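**Student:** In case you want the letters, here they are:
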Amino acid sequence: MNWILQALNGFSLGALLFLLASGFTLTFGLLRVVSMAHGMYYLLGGYIGLSVVWFTGNFWLALLAGGSSIAILNYFVNRYLIRRTGENHLAQVLLTVGVVLILADIALTIWGGDSLSLPPPAFARGPIELPGNIFYPKYRFLLIVFGAIIGAVLWIFYRKTQIGAIVRAGVEDREMVNAMGINIDRLFTLVFALAAFLAGMSGVAGGAFLSLYPGAEWEILVLALVVVIVGGLGSLEGAMVGSVIVGLVDAYARWLLPEFSHFAVFAPMAVLLLFRPQGLFGKEA
Amino acid sequence: MAKSDSLLTVNDIHTYYGDSYVLQGLSLEVASGQIATLLGRNGMGKTTLIRSVAGLTPPRRGTISFKGKSLAGYAPYRISQLGLALVPQGRRIFSALTVRENLLVPTSKLAGRKGQGNGQRGRWNLTTVMEEFPQLAERAAQSGGSLSGGEQQMLAIGRALMANPDLILMDEPSEGLAPVLVTQFGEIMQSIREQGHSILLVEQNFGLAMDVADYVYVITSGRIAYHATPKELEEETEVLDQHLGI
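Protein sequence lines, in the order shown, are assigned to chains A and B.
285 is the number that my numbering gives the last residue of the first sequence; the numbers go up by one with no jumps.
531 is the number that my numbering gives the last residue of the second sequence; the numbers go up by one with no jumps.
None of the hints are false.
Restraint-style ranges between C-beta atoms, simulated for each label pair:
id, chain 1, residue 1, chain 2, residue 2, range
1, B, A381, A, V153, 13 to 23 Å
2, B, G481, A, L190, 28 to 38 Å
3, A, R159, B, S506, 41 to 51 Å
4, A, E175, B, E519, 30 to 40 Å
5, B, E519, A, Y75, 52 to 62 Å
6, B, R363, A, A152, 33 to 43 Å
7, B, Y306, A, F76, 32 to 42 Å
8, A, Y75, B, E472, 47 to 57 Å
9, A, H89, B, H299, 32 to 42 Å
10, B, E517, A, Y75, 56 to 66 Å
Since the hints were derived computationally from the structure, they do not count as laboratory data.
Every value quoted in this text rests on a predicted model; they were computed, and no experiment measured them.
Just so you know, even glycine gets a beta-carbon here, dropped at the ideal spot from N, CA and C.
All chains should be modelled from the sequences, with the hints used to inform the complete structure.
**Tutor:** Dropping the structure here:
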C-alpha cells in the first residue's frame, strides 16, 4: 500500500517539476539561454498567486496572475538584460543569479521570511478515494492530472502542429527559418514567454503543497536542473520522463532512505552522466 | 541582356564578412523569367553575394533592389515575403523534421502565406512539389536527415518552391552530387524557369552553369570581372583561363 502512495507522491512532485522544467528545457534548447532565474520565477509566481488568493479567493485567477506576471517580468529581463549577453553563457549565469538575488530580496520585503502555504481551491480539498481503498490528498491527485494534460498539450503543439515544426526547425537552423519568411525572433520571444508563464504558474500550483519560503527558489531550481540534465537539454520528452524519474526517486528515497533523501536525486543523475552525458533524450553535442 | 525587365538589381555593393572585405563594389542584374549565373572560384565572394541579397549579411554600402523596391534595412524574413527564396549552400535541410514538415515551413501563416500548403496562391503546393519530385513523396514521413545528398537537394529546391517565389537564389546546388544528378538538376532548373520563376545561380560547375544560364557573370575577388551570354563567354578563352582556370 505504501508503495502506491509513494508512487503517487512521486508522480505529483513529478507533475509539478514538469510544469517548471518543460519551459526551462525549451529555454535552454531553443534560445540557448542559460537562465538561473527559473526557480525564482517559480517562487515569485507562487507569492503573487498567494496574494491574489488572499484578495480574491479565486485559485484559477491566481494561476493566471502568477503565470502572466512572470511572463511579463521575463520579457523585460530578457529584452533589457539577457539580450546583452549574446552567446556568453557564463555571463548569463552570473547575470540571472544577480536577478534572483534582487528579486528574492524584494520578495522577502513583501511576503516576509515565514513559510507560507497557498490554500488549495475548495473543490480540491480533502482526500480522494482511489480504487483499492487508497485515500490520497485530492489536490495532489488533481495536480498529476493537470500535469499530464499540460504535458499532452505541449507535446501536441511541439510535435504535431505546423508552428511546432517551425519552432523545431528554428532550434536547428534559426537563420534558414528567418530566410523562409518567418520572424523567428518574435516566435522565440513567444516561446520564452510561454516558458516563463509555466514557471510562474507552477509556483502557484506548488505553493499549495510544498509551501513558499525564502530559499525555495534554489531548492526547486536544483530539482528542475536535475530533470533537464537527466532528460536531455532542450527535449520536451526528456522533461516529461526526467520529471517522473526525479519525482519517484525523491518520494521513495524519503520513505526508504530518509537520511540520504537530500541527495538521492543526484545519484541517478551521476550514473546517467557517466554513460549518457547528453541525457536520456538529448542530442550528442 | 534584357535591360527592360530587371527583377533583381544589385548596384555597387560592398559587403564584409566578419572583418574581411569580401564584395568590393559588385553589380549585377537578374531579368524576369531568366536564369542568371554567377561563376567563380572558391573564396571569390559567391556565397557572400547570396547572403547579401537574402539579407543575412547586408551590404555596408551600395543598393539591392528587388521588384523595384530597395531592400535596405529589410530583415531576411521580410525580404523572403517579398517573393524571394533561398536554396542555400550545403542544403541546410531541417534534419529533425520530416520531409513533409520541411516543405511546409515556408507556407506558414507566420510567413504571410496561406497555411497548409495546398490551395495556396501560385502553382506550387505540397501536391505539385511532390509530383515534381516523386522521391520526396515516397519519403514524406522520413526525417530530412535520413535523405541522400541528391534527395536533400531536391528537398531544398522543393522547399524554396513552396513559397511560390519570384526569384530563387541557389548556392552551388551541384556541390557533392554525382554527374548524372547534376544533369538532372540542370533540367529541373530549366523547368522551374519555364514555370515563371527567375533564378540567380551561383556555381563552380562550369558545364552546369553554361547549360542553364541565360546570362553569365564571372566573379573575381568580390567584383564582376566579365559578363556576357553563355555563347559569348565560350569564345573568350582568355577570360575563361584567367578567371576560371578553364
